[in-house]
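Undergrad: Chains A and B are the protein sequences, given in the same order.
Counting from 1, position 64 in the first sequence corresponds to residue 64 in the numbering used here; the numbering is continuous, with no gaps.
For the numbering used here, add 311 to where a residue sits in the second sequence, where the first one is 1.
Hints are computed from structural coordinates only; laboratory data are not their basis.
Note that this is a predicted model, so its numbers are computed, not measured.
All C-beta atoms in this analysis are idealised placements derived from N, C-alpha and C, irrespective of residue type, glycine included.
Calculated lysine-lysine pairs in the DSS-like style (CA-CA distance at most 27 Å, straight line):
no.: 1; chain 1: A; residue 1: K109; chain 2: B; residue 2: K320
no.: 2; chain 1: A; residue 1: K210; chain 2: A; residue 2: K14
no.: 3; chain 1: A; residue 1: K139; chain 2: A; residue 2: K129
no.: 4; chain 1: B; residue 1: K320; chain 2: A; residue 2: K75
no.: 5; chain 1: A; residue 1: K132; chain 2: B; residue 2: K498
no.: 6; chain 1: A; residue 1: K139; chain 2: A; residue 2: K75
Residues of chain B placed beyond 10 Å of chain A at every Cβ, according to the derived structure:
no.: 7; residue: S494
no.: 8; residue: P573
no.: 9; residue: Q596
no.: 10; residue: A664
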Amino acid sequence: MKVQVQQLRKEFGKTVAVDNISFGFDSGHIFGFVGPNGAGKTTTMRIIATIEEPTDGDVLLNGISVREEPELARKLVGYVPDTLPSHADITVHEYLDFYARAYGLRGRKRDEAVGAIEEFTNVTGIRNKHIKALSKGMKQRVSLGRALVYDPDVLILDEPAAGLDPRARVELRELLTLLAERKKAILISSHILTELTEICNGVVIIERGKILETGTIDEVLKKSAPRRTVSVRLLDPQRLPLLLKELLQTPFVENARQANSEVIFESSGDESAACEILAQLIAKQFKITEFRQAKADLEDIFMTVTKGGVQ
Amino acid sequence: MSRVLSNLKSHFANWRQWEVNPIVVKELRQAVRSWAVTGTLLLFLLVLFCSAVMFFVTQSFGVSTNQRMGAVIFSTFSVILTGASLLFIPLYVGVRVAAERQESDLDLLYISTLTPQRIIRGKFFCGAYVAILFFSACMPFMTFTNLLRGVDLPSIFFVLLCLFLAVCCAVQVAIFLACLPISRLLKIFVGLIAGVNCFWMTGMLTLWTSEMMRRGVGSMMSDRAFWAAFLTVCGLVFAATLLLHFLSVALISPPSANRALPVRIYMTAAWVVGAAISFLWAKNQNDARLVLPWAIASFVLFGISLVVVVSNQDKLSLRVQRAVPERLSIRAVAFLFYNGAAGGLVWLASLAAITYFVTWGVLTLGIFSSTLDPDEMSIFLTASAASVIYGFAYALTGLVLHRRFFAKRSPKLAGIFAVIVPAVWSLVPVMFFFFMNRLSTRDLEHTQLGNLFNIYVVNDNSQRTAHLLFATGWLAVMLALNFTWFARQLKNFQPLRRAKSPPPAAVEAPPIMPAAVN
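Take these sequences, add in the hints, and give me the full structure.
TA: This is the structure in C-alpha cells:
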C-alpha cells in the first residue's frame, strides 16, 4: 500500500489550513506527523480519511483518489480521531460489531473479526461494558479497535496518545509496532515527540499548513541538526585545561569550552569524525571516563524548525 | 440500466445472505438500553392501565345502560397512544440523529462505507420499530375494548394503521429536521416548532379518531369514496414522506456527491405521477378544475425548490465530473439533474412551463365539460404566470447579488438573497404605510410592482397584468445579467479530462526495529 499526498490544499474561507503539501509513505512504515497546534495536521488526516474534501490536490491510496472515489478509499483507511467514542447505551462489543457490519463483514466472519480485534486491543475483559463508562485509555483502545475491525491497509491516528498514562502509552506503542509488522501503513500525529522518535521510520514537520521538513528520522536529524554536541570527562579533572587546548587545535571541533568537570564541544563532522577525535585523544594519553554525543531528537528539531505560528 | 438490473438480480439471488441494516441493529440495541425509551414505555403502560382501571371503577357495565362504552375507552386509549408515540418517538429519533450530526463532533458512522440512503433508512426503520413496540403494548388494551361494545374490529385496526402511518411520517419529518445544516440553537428552535405542530396534529388525530368511532369504519368500507379519500391522503403523505427521505439523504451526503440527482429525479417522477392522477381524476369527474390542486402544489414546490437550487455550488466536484456523460444528448439531460444552479434553474423552468401550459390547455381547450368560468380562469392564469416569473426573477437576482458582492462566500447566500429580496420588497411598503399611519386594506390593494404577494390582494385583473409585465421585464433584465454565467456553467459541464502527473515518491524508510520500542 502506497499513500501519496499530492499538492494538497484546504481552505476554510480565507484561512489556508493546508498549503500545497506533498509526501508519501508505504506499508510497514510508521510515519510521524508533527506540528504545532493549528498547523493543519488534523485537517490533512481528515482529508486522507475522506472526512474532509480538499480544495485542491489529492491523496492517492494505491492509486485510488480520495476525491474521486471516497467510498473505495474509505474501505482502505482506518481512522482514529482525536475525539473518543462517546455513544450512549451501547457496549464495547456492540460498538465494534456495528462497525464490522457497517463495513460489510457478515455472519461468522464478522464474529471472528470482532473477537480477534477485541483480543488484539485487549478489550475482551470489558466487551460488555458501556462505552460511556470506560476510562480514556480504554476508549482509545476501543477507538483503535473500531479503526482496525475491517482490517484496513492504512491507519491514520490523530493524537492517539493524548491523555494516556505512561503504561497505556507504552502499550499503544507496542500495538503500533505490531501493526507496522503486519504491513499497515501508519500515519500518526502526536505531541509526545520522544515517542515518535522511538517508533517512527519517517516524519513530516508541518507549520501553518506548509511542510518544513520531511524524510526518514535520520535524514531529518542530519538535515536539521548538522552539529553534534559532545561532552568529555577525564579521570583526572586537573588535565581538563590541557584537553581543552588540544581540542581547540583539532579539526571539526567548534565552540569547545570547559563546564564544571567536563569539556563540551560541537562537532561539525559525521560519526567517523567523532571516532577520530576520540582516538586522537586516547593517543595523547588522556584517560577518558566518558565521551558522550548528545544526539538531537525530534523535539530539538521541532523546536528548531518551527516558530510556533498558528493560523 | 442493464447494470442496475443485473445488480438487482444478483441482490435477490443472494437473498440468503441478506442482513438487517446495521443502523437498525445499532439503534434498536441502543433503544432497548435507553432509559428514555424504556421509561416512556413503562409510563405509557402505566397511564393506559390507570385509565382502564378508572373506567372500570367509574363506569357501569350494564349492556342496556352504555352501548358505546368500548368506543369511549378506545378513543381515550388512542389519545394516549397518539400523544405518546407522536410526541416521543419522533423526538427520540430526531435527537439521536441531531446528536450524531453535530458539526463539532461528527459521528464516524457518517464516514463508514454505509451509504447515506442506508443511514436514513436505518434511522427511519428504527423509529418505525419503536412505534410498533408502543403499538404492540397498546394493542391488548385496545382489542379488549371490542368486548365492551360500541367499537368494531375494522375501526380498531383502521385507526391503529392510520396512527402508525402518522407516526412514521412524523419520524421522517424529525429525521429531516435533525439533518438540516443549522446550528444547535436553531435546531432546538425548529424542534420546538415541530413539537407544537405535533401537539396540534395529536389534537386533529384525536378528533378524527372520535369521528371514525362514531361513524364506524366497518360501515364505510363498502363505500368507494371512502377508499378514494383514504388512498389519496395516504398517497400524498407517502409522497411527502418520500420527498423528505430523499432530502435527508441529500443533506447527509458529502457536498462533493451528486446530491441533486436523486432529489430532482424523485421530484420529476412525483410531478409526472401527480399529473397523471390529476388528469385521470378530472377525466373521471369530467371536471377540468381537478387539475388545479396538482398545478398549485407544483408551483409552490417549485418556488421552494428555486431557493435550494440557487444555493447550489457552481463548481462541479471531481466525483460529479467523473459521472458527466460523454454523449451530448445524455449530457444535456444530465445537466438538468446534476448538481449546479444553472442546470437546476433550467430543470425548474421546464417543469414550471410544462405545468403552466398543461393546466392552461386542460382549462381552456374544453376537454372536459366543467371548467373555471372565464373571469376565474383569467385570474388564475395571469396570477400563476406572474408568480412563477417573479419566483425566477427573485432567484436570478439572488444569484447576481451573490456573484457581484459576495462571490467568495458560500453559495447558500444566493438562496438567502432569493428569499430576502421578495420579503423586503413586500414588507417595506407595508411598513411605510404603517409608520405614515396610512395602512388600510385599500392601500394594500394598490398595485405594488415587484411584490409577489400583492398579486393575490389586488382586485382588478389589469393590476395582475401589470404585475405580469413588470415580472417579465425584471426576469429579462436578470436573464441578461446572468447570461455569461449561465453560458460558462453550460460550457463547464464536461466529463473529467485530466493530464497525468507523476506522483511524488514515498519516503523510503528503513524497516521497523521492534527493539526500539522497548
